[in-house]
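> Below, each chain spelled out in residue letters.
There are 2 protein chains.
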Amino acid sequence: MKTYQSMNRQELAEAKSELMKRYQKYKDMDLALNIARGNPSTQQLDMIMPMMDMINSGTDCRDMYGTDARNYGALLGLREAREYFGALLGTTVEETIVVGASSINFMYDCLARAMLKGVLGSEKPWGKYDKIKFICPVPGYDRHFGMCEFFGIDMIQVLTDEEGPDMDTIRKYVESDPTVKGMWCIPKFSNPLGITYSDRVVKELAALKPAAKDFRIFWDNSYMVHAIYEDVPLLNILDECKKAGNPDMVYMFGSTSKITMAGSGIGFFGASKANVDFTESQVKYETISWDKMNMLRHVRFLKSQGGVPNVMKKHAEILRPKFDAVFDTLSKELEGKGAGTWTKPKGGYFITFIANDGTATRINELVKACGVTMTGPGATHPYHNDPDDRYLRIAPSFPPVEELIPAMEVFAVCAQIATIEQLESRI
Amino acid sequence: MKTYQSMNRQELAEAKSELMKRYQKYKDMDLALNIARGNPSTQQLDMIMPMMDMINSGTDCRDMYGTDARNYGALLGLREAREYFGALLGTTVEETIVVGASSINFMYDCLARAMLKGVLGSEKPWGKYDKIKFICPVPGYDRHFGMCEFFGIDMIQVLTDEEGPDMDTIRKYVESDPTVKGMWCIPKFSNPLGITYSDRVVKELAALKPAAKDFRIFWDNSYMVHAIYEDVPLLNILDECKKAGNPDMVYMFGSTSKITMAGSGIGFFGASKANVDFTESQVKYETISWDKMNMLRHVRFLKSQGGVPNVMKKHAEILRPKFDAVFDTLSKELEGKGAGTWTKPKGGYFITFIANDGTATRINELVKACGVTMTGPGATHPYHNDPDDRYLRIAPSFPPVEELIPAMEVFAVCAQIATIEQLESRI
Numbered sequence: 015m016k017t018y019q020s021m022n023r024q025e026l027a028e029a030k031s032e033l034m035k036r037y038q039k040y041k042d043m044d045l046a047l048n049i050a051r052g053n054p055s056t057q058q059l060d061m062i063m064p065m066m067d068m069i070n071s072g073t074d075c076r077d078m079y080g081t082d083a084r085n086y087g088a089l090l091g092l093r094e095a096r097e098y099f100g101a102l103l104g105t106t107v108e109e110t111i112v113v114g115a116s117s118i119n120f121m122y123d124c125l126a127r128a129m130l131k132g133v134l135g136s137e138k139p140w141g142k143y144d145k146i147k148f149i150c151p152v153p154g155y156d157r158h159f160g161m162c163e164f165f166g167i168d169m170i171q172v173l174t175d176e177e178g179p180d181m182d183t184i185r186k187y188v189e190s191d192p193t194v195k196g197m198w199c200i201p202k203f204s205n206p207l208g209i210t211y212s213d214r215v216v217k218e219l220a221a222l223k224p225a226a227k228d229f230r231i232f233w234d235n236s237y238m239v240h241a242i243y244e245d246v247p248l249l250n251i252l253d254e255c256k257k258a259g260n261p262d263m264v265y266m267f268g269s270t271s272k273i274t275m276a277g278s279g280i281g282f283f284g285a286s287k288a289n290v291d292f293t294e295s296q297v298k299y300e301t302i303s304w305d306k307m308n309m310l311r312h313v314r315f316l317k318s319q320g321g322v323p324n325v326m327k328k329h330a331e332i333l334r335p336k337f338d339a340v341f342d343t344l345s346k347e348l349e350g351k352g353a354g355t356w357t358k359p360k361g362g363y364f365i366t367f368i369a370n371d372g373t374a375t376r377i378n379e380l381v382k383a384c385g386v387t388m389t390g391p392g393a394t395h396p397y398h399n400d401p402d403d404r405y406l407r408i409a410p411s412f413p414p415v416e417e418l419i420p421a422m423e424v425f426a427v428c429a430q431i432a433t434i435e436q437l438e439s440r441i
Numbered sequence: 015m016k017t018y019q020s021m022n023r024q025e026l027a028e029a030k031s032e033l034m035k036r037y038q039k040y041k042d043m044d045l046a047l048n049i050a051r052g053n054p055s056t057q058q059l060d061m062i063m064p065m066m067d068m069i070n071s072g073t074d075c076r077d078m079y080g081t082d083a084r085n086y087g088a089l090l091g092l093r094e095a096r097e098y099f100g101a102l103l104g105t106t107v108e109e110t111i112v113v114g115a116s117s118i119n120f121m122y123d124c125l126a127r128a129m130l131k132g133v134l135g136s137e138k139p140w141g142k143y144d145k146i147k148f149i150c151p152v153p154g155y156d157r158h159f160g161m162c163e164f165f166g167i168d169m170i171q172v173l174t175d176e177e178g179p180d181m182d183t184i185r186k187y188v189e190s191d192p193t194v195k196g197m198w199c200i201p202k203f204s205n206p207l208g209i210t211y212s213d214r215v216v217k218e219l220a221a222l223k224p225a226a227k228d229f230r231i232f233w234d235n236s237y238m239v240h241a242i243y244e245d246v247p248l249l250n251i252l253d254e255c256k257k258a259g260n261p262d263m264v265y266m267f268g269s270t271s272k273i274t275m276a277g278s279g280i281g282f283f284g285a286s287k288a289n290v291d292f293t294e295s296q297v298k299y300e301t302i303s304w305d306k307m308n309m310l311r312h313v314r315f316l317k318s319q320g321g322v323p324n325v326m327k328k329h330a331e332i333l334r335p336k337f338d339a340v341f342d343t344l345s346k347e348l349e350g351k352g353a354g355t356w357t358k359p360k361g362g363y364f365i366t367f368i369a370n371d372g373t374a375t376r377i378n379e380l381v382k383a384c385g386v387t388m389t390g391p392g393a394t395h396p397y398h399n400d401p402d403d404r405y406l407r408i409a410p411s412f413p414p415v416e417e418l419i420p421a422m423e424v425f426a427v428c429a430q431i432a433t434i435e436q437l438e439s440r441i
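Just so you know, the protein sequences line up as chains A and B, in that order.
Residue numbers 15 to 441, in this note's numbering, belong to the letters of the first sequence in order.
Residue numbers 15 to 441, in this note's numbering, belong to the letters of the second sequence in order.
Pairs involving identical chains hold if they fit within one copy or between any two copies, as the list cannot separate such chains.
Only pairs whose alpha carbons sit at most 25 Å apart, straight line, appear in this in silico DSS-like list of lysine-lysine: (1) K298 <-> K382; (2) K145 <-> K298; (3) K138 <-> K227.
Honestly, the hints are just simulated from the structure, not real lab data.
Model the full structure from these sequences, guided by the hints.
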């Protein structure tokens with residue numbers, strides 16, 4: 015196999031001509047394929063439907079501690095749910111709040127409260143500074159960056175490798191600048207790279223000596239139990255923060271959006287008891303209680319299934335052939351051609367394609383014109399600006415394998431065309 | 015019957031001695047009664063349990079427009095739910111957002127976004143002013159006042175009579191002061207007075223000419239369908255605002271917390287399409303979607319019951335004997351004695367006791383020492399400060415009648431003791 019980079023003008027022209035024929039063939043098929051959204055598939059959702067049988071008209075609606083889930087009260091969540099989801103996060107009941115259907119919503123809410131009122135230990139609300147900054151590992155999750163943009167928080171991009179974000183850069187900013195107030199992390203099977211932070215990275219994060227006394231790590235552990243091929247251990251950051259004398263430095267978030275149902279799952283929050291108490295003193299102004307019936311439904315279902323790991327095994331069985339299809343198609347089509355590389359995550363929801371610099375936007379244009387929708391280029395970066403124009407996120411969870419394969423074939427053809435176009439323009 | 019005010023020292027002493035005997039008798043009973051919380055009763059919640067049968071493991075989870083309620087998406091709510099709850103509010107689909115389990119949470123959220131980013135037409139975020147102010151009709155709802163206090167919003171108290179808040183005072187402030195940015199209203203079966211705004215008040219509110227271009231009425235219509243004895247019509251404020259040329263001046267809120275289940279109901283928001291569009295442009299940063307499964311469950315249940323009015327009739331049948339018990343006990347014990355008066359609402363969740371000035375705190379002390387818990391004095395006013403110390407809110411919904419009667423007897427005895435104590439201290 016010869017890389018496109020090693021071809022001469024004639025060879026490139028011939029290769030492109032062949033690729034354009036394939037491209038046209040796909041175009042004529044009037045495809046309407048979507049690899050944009052990290053949505054669970056119908057098959058996954060169907061598997062969760064027995065959760066709807068956990069509470070019916072004849073059911074007692076009290077948790078094991080006797081709280082009636084149907085009425086007001088229990089601001090921090092049903093105790094049984096706080097225990098159950100705390101165990102997932104690695105926090106005690108007192109360190110856990112169980113909230114509404116979306117952990118992203120609670121992240122936003124924590125950030126909004128910090129802007130309006132500050133966090134435990136703040137000298138003043140974050141919104142009262144001329145400017146505050148967040149560390150944003152890239153590539154990362156567009157919703158994290160969107161919140162910062164919405165609140166006018168400056169984003170400091172820090173590159174991520176297989177171990178996690180670059181700690182030297184992080185230390186430099188966090189330990190010198192008191193306006194660096196926070197940091198986003200997706201520490202396990204990260205969106206979009208699929209990497210898991212190494213023990214060294216977690217320990218170094220926990221041992222940071224922030225210039226801001228009210229610095230907070232927003233630890234979005236959305237994919238904590240989402241192994242597809244193999245689990246990868248992750249240290250408990252709260253434990254590490256305690257050991258390092260920084261017990262209040264981290265806010266942990268998790269949800270069942272990709273364990274049970276996306277959009278009608280359960281979100282949860284873990285932090286030091288001092289942070290939980292402080293958060294309670296603020297959230298008491300914003301709600302009477304979150305949906306405890308859904309908490310009860312969830313805990314009963316997950317227990318009935320023998321626990322979260324059993325449910326996740328079934329998800330993995332559904333997702334594995336889809337990830338395989340992407341890897342296989344990309345390998346078959348692109349291996350050794352110099353038209354881009356891709357990640358091979360062991361879990362999570364995404365595969366990241368790393369295109370040749372300056373070609374991601376063009377690949378997306380070509381793919382789109384051929385009826386395949388994917389997350390736009392730049393979504394992985396603050397302000398939708400990927401400076402090297404090379405990251406494209408592939409979400410294989412929703413479409414069936416028979417749609418994924420043609421979608422990835424189209425994608426691979428487009429990656430090659432974009433590569434050749436760029437090479438030709440440089441000759 | 016002689017009022018305490020017309021008694022001499024000797025008569026007061028005798029009356030007090032009799033009352034103290036009764037008080038001691040109740041005290042010896044070791045009562046543990048609670049008339050503090052506006053919680054639906056177990057009987058009401060039981061009646062809603064068939065809602066849990068609307069979705070089971072074999073159920074199709076698409077709404078009538080084909081959206082799968084189990085997955086991400088539909089940021090503004092399932093279309094079928096927007097239609098259904100919009101009809102309750104008197105808004106079109108495009109004027110309606112269906113949100114999570116709590117309308118209070120969405121009120122907070124709307125206020126938080128206004129503070130952080132402003133509303134449609136704001137020159138700058140409300141939080142960027144040195145000080146902003148809200149009109150707060152009193153007596154009112156402690157959670158509204160708590161939010162203002164949390165955000166540092168100054169509260170302008172405006173007295174409420176049977177027609178609603180005093181419009182002359184409101185006009186004076188709203189039309190002259192551009193830092194008056196908003197106003198709380200509970201327009202129907204209000205908390206705690208139980209009054210409903212007259213057509214005149216609604217029309218005058220809608221016709222306000224606020225000095226602030228971004229003034230918003232927070233129209234918390236929590237009890238819109240909560241007639242117990244008789245319905246009282248309320249004008250649609252959005253319609254009136256449109257007629258008056260102020261289409262964007264009102265945010266309407268409602269929920270099913272006291273239609274289905276408190277804490278696991280559905281909240282909804284109604285406003286002009288321009289406000290809804292603007293709100294969408296902000297809330298897209300805070301969540302992917304709210305719990306659509308609960309929306310679907312609700313709409314199917316309410317339709318299966320032949321609509322909300324049928325459900326509310328059943329609630330009224332449960333609540334009526336409880337309200338009757340309070341009215342009867344208060345009449346029997348207090349009528350004509352000069353120890354306080356009380357409201358006689360036609361619906362809602364509360365009865366307000368208006369004690370003799372300066373005695374509410376003492377009544378609460380006495381009642382508490384006798385094992386009866388009620389909402390503390392001052393809860394009906396900003397900063398928990400009822401300047402005349404006279405409003406006490408009675409919540410009859412939760413306890414059974416056989417507990418309500420002794421609780422109200424204790425209350426009546428205490429109201430009389432406090433009255434006599436005050437008279438004695440003035441002789």
